[in-house]
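Assemble the whole structure, with the sequences as input and the hints as a guide.
Protein chains: 2
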Amino acid sequence: MSVRDNVRKMKEVSPTVASLGSEVRDRALRAIRASLEKHREEIFAANREDLARADADGIADSVKKRLKFDEHKLADCLAGIDSLLSLPDPAGRITLKRELDEGLILERVTVPIGVIGIIFEARPDALVQISCLCIKSGNCAVLKGGRETASTNKVLFDLIRGAAASAGIPEESLLQASAHSEIDELLECDDCVDLLIPRGSNAFVRYIMEHTKIPVMGHSDGVCHTYVDAGADFSLAIPVLVDAKTQYTAACNATETLLVHRSIADSFLPQAAKALAENGVRLRGTAEAARILEAACPAEGPDAAAKIAGEDVMGEEDFRREYLDLVLSVKLVDSVEEAAAHINRFGSHHTDCIITEDDEAAERFMTLVDSAGVYRNCSTRFADGFRYGFGAEVGISTGKLHARGPVGLEGLVTYKYRLQGHGQTVGDYASGKRSFHFRDLARE
Amino acid sequence: MSVRDNVRKMKEVSPTVASLGSEVRDRALRAIRASLEKHREEIFAANREDLARADADGIADSVKKRLKFDEHKLADCLAGIDSLLSLPDPAGRITLKRELDEGLILERVTVPIGVIGIIFEARPDALVQISCLCIKSGNCAVLKGGRETASTNKVLFDLIRGAAASAGIPEESLLQASAHSEIDELLECDDCVDLLIPRGSNAFVRYIMEHTKIPVMGHSDGVCHTYVDAGADFSLAIPVLVDAKTQYTAACNATETLLVHRSIADSFLPQAAKALAENGVRLRGTAEAARILEAACPAEGPDAAAKIAGEDVMGEEDFRREYLDLVLSVKLVDSVEEAAAHINRFGSHHTDCIITEDDEAAERFMTLVDSAGVYRNCSTRFADGFRYGFGAEVGISTGKLHARGPVGLEGLVTYKYRLQGHGQTVGDYASGKRSFHFRDLARE
Numbered sequence: 000m001s002v003r004d005n006v007r008k009m010k011e012v013s014p015t016v017a018s019l020g021s022e023v024r025d026r027a028l029r030a031i032r033a034s035l036e037k038h039r040e041e042i043f044a045a046n047r048e049d050l051a052r053a054d055a056d057g058i059a060d061s062v063k064k065r066l067k068f069d070e071h072k073l074a075d076c077l078a079g080i081d082s083l084l085s086l087p088d089p090a091g092r093i094t095l096k097r098e099l100d101e102g103l104i105l106e107r108v109t110v111p112i113g114v115i116g117i118i119f120e121a122r123p124d125a126l127v128q129i130s131c132l133c134i135k136s137g138n139c140a141v142l143k144g145g146r147e148t149a150s151t152n153k154v155l156f157d158l159i160r161g162a163a164a165s166a167g168i169p170e171e172s173l174l175q176a177s178a179h180s181e182i183d184e185l186l187e188c189d190d191c192v193d194l195l196i197p198r199g200s201n202a203f204v205r206y207i208m209e210h211t212k213i214p215v216m217g218h219s220d221g222v223c224h225t226y227v228d229a230g231a232d233f234s235l236a237i238p239v240l241v242d243a244k245t246q247y248t249a250a251c252n253a254t255e256t257l258l259v260h261r262s263i264a265d266s267f268l269p270q271a272a273k274a275l276a277e278n279g280v281r282l283r284g285t286a287e288a289a290r291i292l293e294a295a296c297p298a299e300g301p302d303a304a305a306k307i308a309g310e311d312v313m314g315e316e317d318f319r320r321e322y323l324d325l326v327l328s329v330k331l332v333d334s335v336e337e338a339a340a341h342i343n344r345f346g347s348h349h350t351d352c353i354i355t356e357d358d359e360a361a362e363r364f365m366t367l368v369d370s371a372g373v374y375r376n377c378s379t380r381f382a383d384g385f386r387y388g389f390g391a392e393v394g395i396s397t398g399k400l401h402a403r404g405p406v407g408l409e410g411l412v413t414y415k416y417r418l419q420g421h422g423q424t425v426g427d428y429a430s431g432k433r434s435f436h437f438r439d440l441a442r443e
Numbered sequence: 000m001s002v003r004d005n006v007r008k009m010k011e012v013s014p015t016v017a018s019l020g021s022e023v024r025d026r027a028l029r030a031i032r033a034s035l036e037k038h039r040e041e042i043f044a045a046n047r048e049d050l051a052r053a054d055a056d057g058i059a060d061s062v063k064k065r066l067k068f069d070e071h072k073l074a075d076c077l078a079g080i081d082s083l084l085s086l087p088d089p090a091g092r093i094t095l096k097r098e099l100d101e102g103l104i105l106e107r108v109t110v111p112i113g114v115i116g117i118i119f120e121a122r123p124d125a126l127v128q129i130s131c132l133c134i135k136s137g138n139c140a141v142l143k144g145g146r147e148t149a150s151t152n153k154v155l156f157d158l159i160r161g162a163a164a165s166a167g168i169p170e171e172s173l174l175q176a177s178a179h180s181e182i183d184e185l186l187e188c189d190d191c192v193d194l195l196i197p198r199g200s201n202a203f204v205r206y207i208m209e210h211t212k213i214p215v216m217g218h219s220d221g222v223c224h225t226y227v228d229a230g231a232d233f234s235l236a237i238p239v240l241v242d243a244k245t246q247y248t249a250a251c252n253a254t255e256t257l258l259v260h261r262s263i264a265d266s267f268l269p270q271a272a273k274a275l276a277e278n279g280v281r282l283r284g285t286a287e288a289a290r291i292l293e294a295a296c297p298a299e300g301p302d303a304a305a306k307i308a309g310e311d312v313m314g315e316e317d318f319r320r321e322y323l324d325l326v327l328s329v330k331l332v333d334s335v336e337e338a339a340a341h342i343n344r345f346g347s348h349h350t351d352c353i354i355t356e357d358d359e360a361a362e363r364f365m366t367l368v369d370s371a372g373v374y375r376n377c378s379t380r381f382a383d384g385f386r387y388g389f390g391a392e393v394g395i396s397t398g399k400l401h402a403r404g405p406v407g408l409e410g411l412v413t414y415k416y417r418l419q420g421h422g423q424t425v426g427d428y429a430s431g432k433r434s435f436h437f438r439d440l441a442r443e
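Protein sequences, first through last, are from chains U and Z.
Numbered according to numbering that gives the first Met the number 0, the first sequence spans residues 0 to 443.
Numbered according to numbering that gives the first Met the number 0, the second sequence spans residues 0 to 443.
Hint data in this document are derived by calculation from the structure and do not stem from the laboratory.
There are no misleading hints in this set.
In the DSS-like style, the derived pairs of lysine-lysine whose C-alpha atoms are separated by at most 25 angstroms in a straight line are: (1) Lys153/U to Lys8/U; (2) Lys153/Z to Lys8/Z; (3) Lys96/Z to Lys96/U; (4) Lys72/Z to Lys432/U.
What follows is the structure in structure tokens.
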């Protein structure tokens, strides 16, 4: 059967899947947890096949690291399932209960979205994590993993679907697409798939976003900024900046651009550049920033690395760059407003921070910057569902509709309106025979 | 300047517009109200020009009715502004406040979406309504109206923008696009426009949805169903059905298809058909429904109209039809499950109702039907923001993301996360030197 036929069948079964109680869903998660643990050796063996193939194909080490599914990754997956089990059911919450007129009661209730398509590169742990999130929230899931982890994905998927079915979840509610051509087929199922969640590189996510009519939740770029204001405490600014740039450079919430208020640049920039250089960071920046560092740093010795080399002097459009590496762009600005305008224009609306002791400047920055996360005096690396206390993360969205920023389980539900009456007709209200009186009721 | 240049400028100014307080926005609404009232004769004169042109062009009467902007439409617009003035600011609400660790405070705050594009056909009152909704919610708006009301739109827009500017809203935050070619230009501004709201015919809305990467909020079809269950009280079912079909046939929430449980069809269908025929409704339906009516209704006399004529016997795919007229499709089903499956497959996920005294059947129907509104024992015509007590309606969405069903002002806001610290770094949490403790705080 083609992906389209399978997905259509999934769409038909999705209301039934949505109607299963949270006991069934939690039972399925426990069965999956037990099955993954019991069959660990099978999973590791399949993963060794994938890794051997990667070796033979000369795949880069950084990618191989993400392909690997070992004891450590399994433990993370099991802990993730435990965390999901401890979370309340995101569906079935009554968010509005209103009497429109006597005996005419409106409720707004959260319900699963329906059919979620997940397309991910390389990481087999993403398959476990996202299929469990979909099960917990009552959704059906089509999973499309990367070719590099085909063996691991197959074992994991079969274990997950088998365990879920043993707990009473219909088999049609989980589907693995394995052929590469099936990505494009899936992207065309906009009549059956309600939401797509891509997980992978920028180019990969951007491809998905540009080739489908299905709503996509996620982000391609993470061009985050740290702006050091005139009112900054340097002793706070420098460690925060170093953390934001270096704590994990491959993350989307790592800072890629440093903006500095021009009035403090002569004193702050050399200190910051030195601390960054000590942490292995190479600076790129405007000609102005390069001149300040050239004047302040000795030509020889360890601090020479804190300069900006000639080839690293940047033009305006270079500021869109996401390095995901120990490289940082630097630019000077004259005001909070100029910093915000730069961030709104060249950033990715992910997470941006101001370092300042000035309350008014902080408020202005956090209001004017149009990003999912606006921070003051802390590392941009905090932008993460676990660090926000959501317990489970679907992903981080830089879109503004539905969900923004780190998205927890509530990003996988929508709502419906339930209206119960006793024969009421609109004609009676239009004619004035009856009239509405709105009264919000306790939601039990 | 091209639409693209103007919209880019609007995008740049949008954070400033979003930062204006609700006093400024309400002052602008009051100024608009006063200006429309003061310049009523100018508006009516411009509208007479449009109507004369429509006459000359031989525009259909049903369209001309929607072009008309008279005392009555003006009064509706002014009442709409009054209603908006009485509503709370949708932006600036704190929906989460959490201590992640000592001195590290996370807040989630609602904020305007940014730049909204509104494309509407024919109705000049829509221009007033939607631009006022955007102003109330702190958004910028690009308005593209139909060619037929160009004169009226121009006067209305100039009055609205002038009054808003006098109250302190930047002029760049409101833009009227008038040339028809500008629709396609606007549809391509996905880097600057955050949300599109189309208002018009099905074909028009579908065109918008299919020709842009910008998220679209709205609905094209409204194929609503009323399902009369085995457990229905006929004396309740018939007036509700007549209201749902006939109270205002041009509305998207009017019922287009009647489903009847097979076990009651022989008794219910002839009674319902008679009542519907008396209200001018022509029935179409399956061969089975036609046979029942043929057998039950006399060949002559007034009740002969309650039959299904030979050319009105329907095939399966015909059930996707939205009549927006005094025509109703009829089909028999064997169960709540079959009714729900038909609705999910052939409906538009707008609003669907079960008529039954059986609580279990009602619950099953309301769970299995995947629509924005699931009703019991009342007319589908209740699906409307005003009838839900929202005070103002942006539109009705049949999508599942962001907003679903009738959408009030809250559909025009998103949120951002604000995180305030005192120098916290992620490294300290990764190393175990510090750890998170999540504690929700009172949101003042």
